[in-house]
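This is what each chain is made of:
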Amino acid sequence: MHLDPFELHRPETIAETLALAGRLAPAFDYLAGGTDLLPNYKMHLNVRPHLIALDRVSELQEYTLDRIGAMVRLADLDRDPEIGRHYPALAEAVHGIATPLVRASGTVGGNLLVETRCFFFNQSYFWRASLGFCLKADGDRCHVVPQKEKCYATFSGDLAPSLMVLGASVEIAGPDGVRTIPLDAMYEADGDGIRRVRLRPGELVVAVHLPPAAQHLRSTYRKLRARPSYDFPELGVAVSLRRDGDRLAALDVAVGGLETYPRRFPAITEPALGQGLDPERIGALAQAIQAAVRPVHNTAYPPDYRKRMTGVFVRRALTDLWDRRGAS
Amino acid sequence: MDAAQRPEHRLIGGSIPYIEGPLKVSGRTEYTDDLKRPGMLVGRLLRAPWAHAKLLRVDVTKAREMPGVFAVLTGERYPTPFGVLPITKDETAIAVDRSRYIGDVIAAVAAQDELTAERALAAVEVQVEALPEYTDPRMGRTRVDAPIHEKGLNHSNIQKEVVQHFGDVDAAFRSAAATARVRASFAGVTHAFTEPQCTIAEATPDGRLTVWSSTQVPHYLHRSLSEVLGLPMHRIRVIKPEVGGGFGGKSDPLPHEIACAALALETGRPVKILFDRDEVFYTNHGRHPTFNDVQIAADAEGHLLGYDIEAVIEGGAWSSFGTVTTYYNGVMAMGPYRLPNFRYKGQRVFTNRPPSGAMRAHGGTNIRYSVEVALDQLAETLKLDPFDLRARNALPPNSTTINEFRITSTSFLKCLSAARDRSGWAEKWGRLPYGQGVGLGCGFYISGSNSPIHFTPKMPQCTVHLKADMDGGITVHCMQADIGQGSNTLLAAIVAEVVGVSLDRVHVSPVDSDVTPVDIGSYSSRVTFMMGNAARKAAEALRDRLLEATHQLTGYPRDALRVGVERYEVEHRPEVGVSYMEALQQAMQGTGALQSTGAYTSPPVGGTFKGARAGTAPAYSFAAYVAQVSVDEETGSYGVEKVWAAFDCGRPLNRLAVEGQIHGSIHMGLGQLMGESMDYRGSRLMNPSLLDYKILMPQQMPEVECLLVGDADPEGPFGAKEAGEGPLVATLPAVANALYDAVGVRFYDLPITPDRVLKGIDRRRAEGRSWKGH
Amino acid sequence: MTAQPVLRIRINGHPVDVPAPPERILLDLLREDLNLTGTKRGCDLGTCGCCTVLLDGRPTLSCLTLAAMADGRAVTTVEGVSSGPALHPVQQSFVDHGATQCGFCTPGFVMTAVALLRDHPHASREQVMDAISGNLCRCTGYTKIVEAILAARAAGPA
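Protein chains in written order, with this note's numbering: chain Y, 1 to 328; chain E, 1 to 774; chain F, 1 to 158.
No lab work stands behind these hints, which were simulated from the structure alone. One should not assume that every hint holds.
Cut-off 25 Å, straight-line C-alpha distance, at most; resulting in silico cross-link-like pairs (DMTMM-like, lysine to aspartate or glutamate) [claimed, not checked]: (1) Lys36(E) x Glu79(F); (2) Lys759(E) x Glu259(Y); (3) Lys54(E) x Glu133(E); (4) Lys307(Y) x Glu634(E); (5) Lys642(E) x Glu79(F); (6) Lys383(E) x Glu404(E); (7) Lys307(Y) x Glu633(E).
Based on the sequences and whatever the hints tell you, model everything.
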């Protein structure tokens with residue numbers, strides 16, 4: 001398989017990157033690890049004439065426990081025991097991404113912005129042509145939920161749910177300067193499914209920030225998939241909580257792999273604060289979240305199963321975290 | 001272990017590392033795509049995006065005129081049909097008049113590079129008329145408007161129908177004390193070898209055509225090239241470079257191989273066609289999607305009275321091996337048990353989906369699953385231990401089945417004992433906590449099809465030539481196809497063993513039809529048995545020449561001499577003898593290089609009724625596997641923790657290779673059971689990629705204990721039988737029966753994915769049936 | 001047509017200058033331009049792991065790496081794992097344990113295993129299985145591959 005010719009740009013600073021982006025938008029893609037973009041390019045999915053490679057922008061590669069650069073390789077997080085010690089959910093999510101070989105090249109920013117997936121989209125040009133293409137690439141209709149308005153491709157990143165429940169925010173650089181917003185605010189929740197993130201033309205995700213409080217959370221990330229490596233999440237559940245004696249002082253749940261964006265459930269989790277958790281309350285929380293999610297049939301497992309597993313995974317995660325000894 | 005047997009042979013029976021191993025681990029092995037020819041062009045295929053269409057016009061004018069394009073071919077250039085079975089030739093190199101599935105080849109282009117080739121394909125203009133799509137083999141079995149092939153039975157899509165009845169099945173069921181029935185469905189699965197198909201062809205001005213191809217059966221490719229291209233076979237040279245796995249998927253001659261040769265003839269330039277991974281999936285020829293219905297009758301003591309079997313298997317677009325597959329889906333149930341009555345009705349039905357064909361444990365896997373699950377049900381009904389039920393019905397050695405299969409060696413009872421003892425069955429079966437269980441599944445498979453797919457009857461299935469020359473090396477020539485199973489190593493080891501030389505003296509020639517005598521290739525688990533016997537004969541002939549020379553040099557009579565290590569010596573005075581080189585030099589006087597030949601022709605076995613040859617083999621393998629599983633009852637996910645694999649391959653010749661075949665077979669069998677599936681929506685394959693077609697990972701592999709308990713087979717080389725396919729079939733029912741022991745649910749739809757496990761548990765509970773207190 | 005950029009890559013210890021357009025994939029550069037065919041093309045989409053090379057010592061999917069990304073860096077392919085005729089201990093262990101069958105995936109597994117044992121000379125069975133879980137093998141069921149890597153631990157320089 002070959003790539004169609006493109007022009008490759010290799011800036012070395014964020015400023016240079018933004019200048020290029022401003023000049024080339026919207027006819028470019030950022031190239032981070034390439035493990036998501038290049039397979040899509042090989043399949044001629046939404047190919048653009050310019051690539052701005054970020055591998056030489058050293059500012060993007062810095063990381064501390066508070067601030068993780070967008071170009072930090074997943075493998076580097078994976079092998080850092082400090083990540084596991086302070087952010088269990090993040091470590092579990094990182095380790096579960098794709099394969100060790102993909103993590104060697106794949107980046108934090110790349111996983112946050114991973115293209116949504118669908119088995120009508122992630123196919124060769126020939127395959128898609130045989131179906132008359134789809135809303136997400138080269139066509140005008142959705143084959144998952146037949147209509148022409150909304151794309152139902154599934155958000156399949158593992159990092160986003162885990163970082164959300166850790167209270168992460170995302171630092172975005174653009175022509176108008178730098179802004180930092182809560183991570184969940186970056187994702188488009190009620191759009192057409194095509195525009196996935198609330199980034200303005202030419203903007204660049206620079207880093208993820210983790211608040212000091214994140215280190216005091218119990219957290220976990222659980223992933224449903226057919227095999228212990230390779231597979232994108234059929235469901236990813238991230239849960240964090242802080243226990244103050246017998247009372248719940250903080251609680252957050254986020255899921256991925258189910259809908260077009262990674263999703264939190266504040267309306268369900270916030271009322272639980274201040275109380276204790278017992279099997280009954282845990283079961284009610286899990287049921288409420290299970291009832292709220294709306295998977296569609298565009299991944300390996302059927303949607304009713306993924307929905308049911310949402311309840312099981314949330315319940316198990318809550319039970320484990322509430323009972324976990326030694327943590328806060 | 002076989003310690004008692006070891007001193008008998010130096011190499012055979014031990015663990016012999018693969019002779020090409022050092023090349024493979026250092027990247028020095030040449031697969032077809034590693035080869036380049038001067039001036040080589042890139043060949044690409046235009047594939048049909050329609051499930052079923054009449055080709056009204058395929059206009060390649062614009063494509064031909066593009067710079068860098070050397071040839072564009074359509075179907076009418078070489079319309080002669082071909083196919084692996086002489087009786088069902090229905091494929092063409094490029095579709096003629098009609099395309100039959102998404103992925104069917106409708107044009108071929110040769111161009112200077114890949115990009116140009118793809119642009120040329122995009123410039124081909126095709127007009128079609130859509131035809132009705134047939135996507136379920138259970139439909140299209142009566143007269144239809146537009147059958148996929150004209151020759152379908154009574155204007156239907158039935159490619160082959162088999163009806164067999166031995167004994168009186170109805171009477172058997174009337175007299176039965178207990179019966180069991182399994183109606184099951186099986187998704188199609190595919191080989192998913194790591195090396196995509198690749199072919200290079202080159203036509204030279206001397207009127208010859210050379211084809212390098214990633215094939216398991218160079219000889220069938222040779223035949224098909226000749227037939228379709230209209231060239232005599234002696235003007236075609238077929239070379240098989242190293243092959244990156246086959247498992248049956250590279251055993252048919254395939255359209256792209258012939259199209260590639262056609263492009264080479266057309267352009268006068270070498271042409272290479274290398275598949276993208278999705279093309280590997282479209283080409284398929286994998287295991288047939290199957291629906292079967294198995295009924296078993298037994299008396300009160302558990303003696304089997306009869307089987308009544310129906311199967312509908314999905315052929316996809318072509319016949320391929322399908323006639324054989326249709327028979328196998330019945331007759332592979334003939335062992336490992338004695339059976340007085342048997343009825344089978346099988347149909348293979350064309351659909352507008354990628355062709356099915358032969359895949360490891362061809363035709364035996366799905367029927368074994370249903371039979372072995374039904375036997376587990378029968379044992380429960382009769383309150384018998386599943387082992388006792390099987391042992392009570394074991395086929396005895398030197399017997400004949402009701403359909404006249406000749407059974408010679410069987411160590412099935414030893415397999416049962418070994419699996420039972422080693423697995424701790426008595427303490428585990430029915431006694432593990434809820435969610436954990438053990439199950440038994442048994443196997444039976446041919447050790448080489450007795451009935452070769454030969455276009456010229458009465459030819460040997462395998463011929464081996466040896467050449468020993470002045471350098472002291474021995475070159476082995478044989479067209480057997482090592483596709484990773486270790487047949488090169490076995491050839492070398494047999495020769496070294498018999499001639500009495502060190503292994504490094506023996507060189508296995510690359511497969512090249514100009515040099516290597518015909519062997520009909522790697523399929524039907526035939527290579528060890530047939531090639532092994534041919535190699536042994538050739539080596540014995542060479543050895544005899546060297547012993548004769550030793551006699552000349554020492555004056556001792558022939559029958560007083562024996563083969564030593566790199567030496568021939570007097571039996572009762574081992575200090576008297578000559579070295580291999582001395583004997584060789586003596587033997588070469590006046591003749592130069594020594595040559596010898598050995599061949600194998602299978603014995604006349606089997607009945608004379610229609611279809612009697614299907615499933616006949618010179619020997620059969622037997623298996624008894626116990627699997628232990630653990631189920632998460634809330635998620636339905638499960639793991640296979642251990643498999644005790646008792647296998648009768650006669651006497652193992654290379655323990656390392658036999659273990660490797662068992663591990664690989666279990667991996668592939670578990671894959672089909674746990675998650676592999678060719679997922680279709682209508683005519684469209686949804687998962688033509690190695691990401692979405694889910695091969696198992698190392699963490700999903702159980703610990704495997706190989707129990708090689710077979711006794712020597714009387715006709716196998718050094719007593720050996722096959723170990724390449726039989727080890728797969730027992731895997732699936734062993735795990736399914738273990739799942740039943742764990743959670744009390746029978747599974748009749750494969751693959752058994754976690755969502756199906758969960759639904760099964762739900763259903764059991766809804767029926768008010770508890771299991772182990774849950 | 002503008003001149004192609006020339007990349008300088010240290011391949012198996014030797015610096016080479018090789019012209020390549022921006023869209024050139026590292027795997028294609030190795031196989032087509034440099035005739036290093038030990039690195040295999042199994043899926044071209046980053047799944048099978050047959051194309052694994054070491055990029056600055058790190059196992060990397062060469063089919064998903066632009067050749068330009070290797071400019072100024074070191075690439076080790078299976079041809080460069082051992083120096084001279086002797087095999088690397090990992091390679092020798094693969095031979096001894098029958099960890100190759102068809103051999104097509106083997107170069108990728110060897111590269112992964114070499115890097116693993118360099119970084120973790122005493123890797124556990126779990127670490128081994130984790131490390132190879134991006135390389136597909138269809139022949140061996142992985143069993144003998146895991147055995148071979150575990151056995152190479154003791155044999156290695158560690």
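Right, here's what the structure says about each hint:
With a C-alpha separation of about 18 Å, the suggested pair lysine 36(E) and glutamate 79(F) falls inside the 25 Å cut-off, and the hint holds. Straight-line distance between C-alpha atoms of lysine 759(E) and glutamate 259(Y) comes to about 23 Å, which keeps the hinted pair within the 25 Å bound. For the hint linking lysine 54(E) to glutamate 133(E), the alpha-carbon distance of about 12 Å falls within 25 Å, and the restraint holds. Between lysine 307(Y) and glutamate 634(E) the alpha-carbon distance is near 13 Å, which keeps this suggested pair within the 25 Å criterion.
Distance check on the hinted pair: lysine 642(E) and glutamate 79(F) sit about 37 Å apart at the alpha-carbon level, beyond 25 Å; violated. Only pairs whose Cα atoms come within 25 Å are accepted, and lysine 383(E) paired with glutamate 404(E) is rejected, the gap being roughly 32 Å. Pair hint lysine 307(Y) plus glutamate 633(E) holds up; C-alpha atoms about 16 Å apart against a cutoff of 25 Å.
Hint compliance for this structure: hints 5, 6 are not met, and every other hint is.
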